[in-house]
Amino acid sequence: MFVFEREQYIHTIGGVRIGGVPGETPTVLAGTIFYSGDKTVTDSKRGAFDKKAAEDLIHRQDEQSALTGNPCMVQVFAESTPAMLGYLGFVADMSSAPILIDSTEAAVRLAGLRYAEESGFLDRAIYNSLNISATQDELNMLAELRPTSAIVLAFNPRDSTIAGRRAVLEQPQLGRAGGLLATANELGISKPLIDTATTAMGAGAGSSVSFVMVAKTVYGQPTGSGIHNAPASWAWLRKLKKTNRAAYEACDISSGLLIQSMGANFILYGPIANSDRVFPVIAMADVFAAESLRDEFGVEPAENHPFHKLL
Amino acid sequence: MSTRATRREWPPVPGDFEVRNSAGSVALCTLGKKIDVDAEYAIIGTCKTENIGIERMVVNTISNPKLRFFVVAGPEVPGHKTGSSIRSLFAGGVDPKTRRIAEAEGAIPYLENVPLEAIDRFRSQLELIDMIDVVDAASIAETVGELERRNPGPFSEEAMWLDYGRRAATKARLVTQTGDISVIPEYGLVLDLNFLLLHTQQSVVVVATHPSRTVVEPRAVETGTVLFVREE
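For the protein sequence lines, the chains are H and W, in the order given.
Quick note on our numbering: the first sequence kicks off at 1 and runs consecutively.
Quick note on our numbering: the second sequence kicks off at 1001 and runs consecutively.
Calculated directly from the structure, the hints in this document are not laboratory data.
No experiment lies behind these values; they were computed from the predicted model shown.
Treat the hints with care, since some could be wrong.
[What the hints assert, rightly or not] Each computed DSS-like pair below joins lysine-lysine, with the alpha-carbon atoms no more than 27 Å apart:
no.: 1; chain 1: H; residue 1: Lys239; chain 2: W; residue 2: Lys1097
no.: 2; chain 1: W; residue 1: Lys1048; chain 2: W; residue 2: Lys1033
no.: 3; chain 1: W; residue 1: Lys1034; chain 2: H; residue 2: Lys39
no.: 4; chain 1: H; residue 1: Lys241; chain 2: W; residue 2: Lys1048
no.: 5; chain 1: W; residue 1: Lys1033; chain 2: H; residue 2: Lys51
no.: 6; chain 1: H; residue 1: Lys241; chain 2: W; residue 2: Lys1066
no.: 7; chain 1: W; residue 1: Lys1034; chain 2: H; residue 2: Lys239
[Stated by the list, open to error] So, partial list: chain W residues that the calculated Cβ filter (under 7 Å) puts toward chain H:
no.: 8; residue: Pro1014
no.: 9; residue: Asp1016
no.: 10; residue: Val1019
no.: 11; residue: Ile1052
no.: 12; residue: Ile1108
no.: 13; residue: Thr1214
no.: 14; residue: Thr1223
no.: 15; residue: Gly1224
no.: 16; residue: Phe1228
Each residue gets a CB set at the ideal place from its N, CA and C atoms; glycine is no exception.
With the rest of the complex left out, here is chain W (with noise of 0.2 Å):
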């Protein structure tokens, strides 16, 4: 799933941020809300959800070895938790059986796409700086400024790069295969081989193939034709 590589473009995976100076040290996430802040940070964001946006964070900071300083500031998501569940995360990592975020208070902490080996790449790379329930952008601007001249220079590792989100497409692949032979194709009349029967072939709309096949299968009826739907 991890990848090593220098050609790429950063950040990897799209989402609400927006990035300022990439050569910078410090990653800025506002939860919940945006901020405007007025600083020299490197990337500035939202994440509301414990789950896929934090694994999307982990994505994008890691893929960056000069990031250094993991800055959470923004009002609290309700109930999701999402910077304490961020805090949680630096401080204990994730149970690697349930990957459930150790000690999180979340809805549903778990980071189940990314490897863990991203996971400790992220607690090593980056400081957390807890500024959570901070909304006053002059005092994160000033904050992201002491950080900056404290900058300790490029992690001491080559950026991590994950294949985030792009599920490998032969799962998808769809090959439908018949031992049958058309007798009369204008009519769909074919010779089922197995029990050597004539019967009229089926053609069926696949919506799911696993763990079972459900497909949609125009019947008609003696009122009229309607789609069938069912789990074969």
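Isolated chain H (complex conformation) (with noise of 0.2 Å):
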């Protein structure tokens, strides 16, 4: 497909590689569990839930990883701290995947992010995410509990543009001394996950998608999005869901293309039961871009990229 003048860097977090060209590493794939509305969730205050169905949903995207070759994380997110805590320990135990650790409260994340120190998978963790409402109290916890890894979000809510989430991750914000990108280095995170911030369409969806493209050229990182936000919450689609759902679903899905084709490396799928739906479709784009790589290029394919395991 296409090739970056500058270095692409490729990280191993718990034993996934994330990173690279198109064609050269497989997309990693998340699904989000226990999220807002998930129905596994019974008590999303205290965190209980259908054990068996979370399981059940957790297996199903191991399968599709190891019948695609798309390598797995799983998006934890949680309200509280009690419910961050056990859906860790769940989650922990049943894969060995890695974990992203995310709530839109930072005490939450920073909890999971400790106790995932205190029980031994800080390796396989992502914090999710280091954002620009980052307060120095939730900065001085990172810098205690040094996780290598993080989800760096280019959400800029004055400037959607490719300028502006650029702006996020290089220039001083909001009284700080560095962007983004240098206070995760500084907090020791050496393996920050670029994440284009989606935004509503008409609200700058346009230019989250294609600062895929401009921030690997730019900063060789590994990058991505939860790009299936945007139809989500597309009103149009959204009416039009109550009528066809299979359109919807059909958008929601194919999204994902639309920034693998940017040389995305990492998707943020969003509910984990659509793992049967969403490997397949990134699996087959893979292989186009792996072809393509292999033959004008000639750079092979890793061995377990869905170019060698399904054709």
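Since each chain sits alone in its own frame, please combine them into the complex, following the hints.
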């Protein structure tokens, strides 16, 4: 498909290789579990959930990963600290995949990170996310816990263009000395994963896709996003969903192809229950990319790449 | 950024909402959950994010001076704390420098894409009716009914319309100019007048132009032809 002039870094997180040029390493796919509205959750404050249903979902994603060759990660979302600790303990036991620790509350994310450290799986924990709203307290805690990997979110509420997203990553923001990438480096986050920050369609979604290619060109770091959030919040599509659910699902599932074709290394594809539909679509595009890279550039895809497993 | 006009279609910004009675005085936000409320409100909709979501709501309310009450109901949005961010917005507005909603608990509560005058207008025109975490449709409907009965009439100023989300296209116009002289067009051979050198003209695809150019350039290599992405 294409190669970048700048060196592309490949990080290994919990045994999963993530990064590189399209076709070189398979796209890593992360399904989310225990999110707001997840039917497996019965009490989001306490973290009560249907263990059998959650186990099935995690195993199904593992199976899809084994089938296609696309590595997987589990994104754990929690609203409260008790819930986060319970969820993480369960997921860490169920799967050996890297785990994204996600909450919109910093205290909950940090509690999850500390739990990962104490439970011995910090090496496969990914803090989600380091973003523009980080407080000094949060940075102090991250400096203490020293995760090696984090999502670095290029969300700029002031400017959704590519320039705005770059500014958040590169330039001092809100009184801090450096951009988010410099901050991540200072905190010892040696394996940053750049999330281009999907914004709503009509509010910068297009730039969030283009920025995948630009970010990889400029920084060389593994890049991706939760692009499915754009069609999922698209008012027109949500109305259509009432009469044509298949169309909604097609848009939701295929949206990953947009960033994949820009060189994305990871896709936060949304509900983990969609794994059986997402993995084949992304694997298909990976095969195209690998074939192009091999035939035109002489780079052999990785051993477990969908190109080898599915052709 | 802001304009005042009379001939516009309301609401100006699309979203996850429904208009029932545009002459009504109540705007009803049910946060992260759709709630079927049987009442004579003007507009009902969800709002999930504490930044862009609130911005869109502001744009859609200040463009209708008949709206005087802003009911926030439905379950609080976890993490985003959109409901309490709206409450904070009414209470303290935004910091003029950082654009952060004062004292907001949400994850990223910044309103960057609406002018301060629009935020002031929002806070002046509308009265907040705090029903965060109330999900009972009948209770909400009853409140809406009570509010309609004490409708104070339209706001004293005319509708405020914002060109929200529409970026001027001038920056996006791409004009490529070179001083090269085409020598053999069939082969793309050109004479570079700066250096008086013959070279093959390269066509590139431009991905971004600001703050630097990122281009995709077809390049022949030993093994084949690849698209080469680089920053200029």
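Check your understanding: CA of Lys1034 (chain W) to CA of Lys39 (chain H), is that 27 Å or under?
Key -> holds (17 Å)
Check your understanding: Holds or violated: is there a CB of chain H closer than 7 Å to the CB of Thr1223 (chain W)?
Key -> holds (4 Å)
Point to revise | Satisfaction of hint between Lys1066 (chain W) and Lys241 (chain H), Cα-Cα up to 27 Å | key: violated (32 Å)
Check your understanding: Is the straight-line distance between the alpha-carbon of Lys241 (chain H) and that of Lys1048 (chain W) 27 Å or less?
Key -> holds (19 Å)
Check your understanding: For the pair supplied as a hint, Lys1048 (chain W) and Lys1033 (chain W), is the alpha-carbon distance within the 27 Å limit?
Key -> holds (9 Å)
Practice item. For the hint on Thr1214 (chain W), just tell me whether its beta-carbon gets within less than 7 Å of chain H. Key: Thr1214 (chain W) check passes; min Cβ-Cβ to chain H is 5 Å, inside 7 Å.
**Study point:** Hint check, Gly1224 (chain W) versus chain H [nearest Cβ-Cβ separation less than 7 Å]
**Key:** This hint holds: Gly1224 (chain W) lies near chain H, its Cβ roughly 3 Å from the closest one there, short of 7 Å.
Practice item. Double-check Asp1016 (chain W) for me: the hint is only fine if its C-beta lies closer than 7 Å to a C-beta in chain H. Key: At 5 Å from the nearest chain H Cβ, Asp1016 (chain W) passes the 7 Å test, so the hint holds.
Point to revise | Pairwise hint evaluation, Lys1097 (chain W) against Lys239 (chain H), where the allowed Cα distance is 27 Å at most | key: Distance ~38 Å between Lys239 (chain H) and Lys1097 (chain W) Cα, so the pair is violated.
Point to revise | Interface hint outcome for Ile1052 (chain W) [beta carbon to chain H under 7 Å] | key: Cβ of Ile1052 (chain W) sits 5 Å from chain H, so the hint holds.
**Study point:** Pair hint outcome, Lys1034 (chain W) versus Lys239 (chain H) [Cα-Cα no greater than 27 Å]
**Key:** Roughly 13 Å between the alpha carbons, so the hint for Lys1034 (chain W) and Lys239 (chain H) holds.
**Study point:** Hint check: 7 Å Cβ-Cβ cutoff, Ile1108 (chain W) to chain H
**Key:** OK, holds: Ile1108 (chain W) within 7 Å of chain H, min 5 Å.
The structure fails hints 1, 6, 10 (numbered hints given earlier, in ascending order).
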